[in-house]
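Colleague: Produce the entire structure from the sequences given, and follow the hints as far as they go.
Going line by line, the protein sequences match chains A and F.
To convert, count from 1 in the first sequence and add 1; that's the numbering used here.
To convert, count from 1 in the second sequence and add 2; that's the numbering used here.
These aren't lab readings, by the way, just hints derived from the structure by calculation.
Treat the hints with care, as some may be off.
[Said to hold, decoys possible] List time: in silico SDA-like cross-link candidates among lysine to any residue, alpha-carbon distance up to 25 Å:
| no. | chain 1 | residue 1 | chain 2 | residue 2 |
| --- | --- | --- | --- | --- |
| 1 | F | Lys39 | A | Leu47 |
| 2 | F | Lys44 | A | Thr109 |
| 3 | F | Lys24 | A | Glu99 |
| 4 | F | Lys44 | A | Phe96 |
| 5 | F | Lys44 | A | Gln14 |
| 6 | F | Lys39 | A | Gln46 |
| 7 | F | Lys73 | A | Glu99 |
| 8 | F | Lys44 | A | Tyr101 |
| 9 | F | Lys44 | A | Glu27 |
| 10 | F | Lys44 | A | Gln7 |
| 11 | F | Lys60 | A | Tyr98 |
| 12 | F | Lys44 | A | Gly28 |
| 13 | F | Lys44 | A | Ser95 |
[Stated by the list, open to error] Label pairs and their calculated CB-CB ranges:
| no. | chain 1 | residue 1 | chain 2 | residue 2 | range |
| --- | --- | --- | --- | --- | --- |
| 14 | A | Ala40 | F | Pro84 | 23 to 29 Å |
| 15 | A | Ile54 | F | Glu17 | 45 to 51 Å |
| 16 | A | Ser21 | F | Gly18 | 44 to 50 Å |
| 17 | F | Val56 | A | Thr109 | 38 to 44 Å |
| 18 | F | Val56 | A | Thr4 | 28 to 34 Å |
| 19 | F | Gly3 | A | Phe96 | 21 to 27 Å |
| 20 | A | Ser78 | F | Lys44 | 22 to 28 Å |
| 21 | A | Pro104 | F | Pro84 | 22 to 28 Å |
| 22 | A | Pro70 | F | Glu17 | 46 to 52 Å |
| 23 | F | Gly3 | A | Ser21 | 25 to 31 Å |
| 24 | A | Glu99 | F | Gln83 | 21 to 27 Å |
| 25 | A | Ile54 | F | Gln47 | 25 to 31 Å |
| 26 | A | Leu12 | F | Ser100 | 27 to 33 Å |
| 27 | F | Gln83 | A | Ile54 | 41 to 47 Å |
The C-beta atom is built at its ideal place from N, Cα and C for all residues, glycine as well.
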Amino acid sequence: SQTIHQWPATLVQPVGSPLSLECTVEGTSNPNLYWYRQAAGRGLQLLFYSVGIGQISSEVPQNLSASRPQDRQFILSSKKLLLSDSGFYLCAWSFNYEQYFGPGTRLTVT
Amino acid sequence: GENVEQHPSTLSVQEGDSAVIKCTYSDSASNYFPWYKQELGKRPQLIIDIRSNVGEKKDQRIAVTLNKTAKHFSLHITETQPEDSAVYFCAASPSRDSSYKLIFGSGTRLLVRP
Numbered sequence: 002s003q004t005i006h007q008w009p010a011t012l013v014q015p016v017g018s019p020l021s022l023e024c025t026v027e028g029t030s031n032p033n034l035y036w037y038r039q040a041a042g043r044g045l046q047l048l049f050y051s052v053g054i055g056q057i058s059s060e061v062p063q064n065l066s067a068s069r070p071q072d073r074q075f076i077l078s079s080k081k082l083l084l085s086d087s088g089f090y091l092c093a094w095s096f097n098y099e100q101y102f103g104p105g106t107r108l109t110v111t
Numbered sequence: 003g004e005n006v007e008q009h010p011s012t013l014s015v016q017e018g019d020s021a022v023i024k025c026t027y028s029d030s031a032s033n034y035f036p037w038y039k040q041e042l043g044k045r046p047q048l049i050i051d052i053r054s055n056v057g058e059k060k061d062q063r064i065a066v067t068l069n070k071t072a073k074h075f076s077l078h079i080t081e082t083q084p085e086d087s088a089v090y091f092c093a094a095s096p097s098r099d100s101s102y103k104l105i106f107g108s109g110t111r112l113l114v115r116p
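Modeller: This is how it looks when you write it as structure tokens:
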């Protein structure tokens, strides 16, 4: 069966520091991968998605970037964090329509 | 692009009553409509979905209906239980390609009173 991992689970970073969040999927090949952000008490905002290695589509222009160096690895990065980057970051995978979420990373920018 | 609106934002029902959450979408090309349940501090979990060639789907106490003409779909929970308390999100997939990306509604906080 498929499993999706995210790390770290929680992160506290100062404003202006870099960011790297990692997501990996097991048990499937060539999945579609997605990054979402959820602000406290809010909905799910699609940030990036990828249909294959090296293929990244951005949904919202912002302070973040994404990369997919391997088939089952998806990375979310920032060079300099802003206070507004705080939130719950969720990675998801799909093979066809159904999307399944990872456990998330709770990021607090101080 | 696709826009999904969800109502109500909060819903409080007595245990055993039914709950209905409604969503509308804007892109007539959207063809897949999932519903997710998110408990506090947890990841969203897929609970039911429907494709555009189906009008209704049921799974035990939950059901989803789709009206393509009116571009709206609804989640129905019958015989609600306290463990149904959570935030529910609807979504629509406007993909005309292989991305299968989802656009989510703003969520409904459901409280089931014992």
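Colleague: The structure should be examined with respect to each hint, and the outcome stated for every one.
Modeller: Hints, verified against the model:
no., hint, in the structure
1, F:Lys39 with A:Leu47, "holds (17 Å)"
2, F:Lys44 with A:Thr109, "holds (17 Å)"
3, F:Lys24 with A:Glu99, "holds (20 Å)"
4, F:Lys44 with A:Phe96, "holds (22 Å)"
5, F:Lys44 with A:Gln14, "holds (21 Å)"
6, F:Lys39 with A:Gln46, "holds (16 Å)"
7, F:Lys73 with A:Glu99, "holds (20 Å)"
8, F:Lys44 with A:Tyr101, "holds (13 Å)"
9, F:Lys44 with A:Glu27, "holds (20 Å)"
10, F:Lys44 with A:Gln7, "holds (13 Å)"
11, F:Lys60 with A:Tyr98, "holds (18 Å)"
12, F:Lys44 with A:Gly28, "holds (22 Å)"
13, F:Lys44 with A:Ser95, "holds (19 Å)"
14, A:Ala40 with F:Pro84: 23 to 29 Å, "holds (27 Å)"
15, A:Ile54 with F:Glu17: 45 to 51 Å, "holds (49 Å)"
16, A:Ser21 with F:Gly18: 44 to 50 Å, "holds (48 Å)"
17, F:Val56 with A:Thr109: 38 to 44 Å, "holds (42 Å)"
18, F:Val56 with A:Thr4: 28 to 34 Å, "holds (29 Å)"
19, F:Gly3 with A:Phe96: 21 to 27 Å, "holds (24 Å)"
20, A:Ser78 with F:Lys44: 22 to 28 Å, "holds (25 Å)"
21, A:Pro104 with F:Pro84: 22 to 28 Å, "holds (24 Å)"
22, A:Pro70 with F:Glu17: 46 to 52 Å, "holds (49 Å)"
23, F:Gly3 with A:Ser21: 25 to 31 Å, "holds (29 Å)"
24, A:Glu99 with F:Gln83: 21 to 27 Å, "holds (25 Å)"
25, A:Ile54 with F:Gln47: 25 to 31 Å, "holds (28 Å)"
26, A:Leu12 with F:Ser100: 27 to 33 Å, "holds (32 Å)"
27, F:Gln83 with A:Ile54: 41 to 47 Å, "holds (44 Å)"
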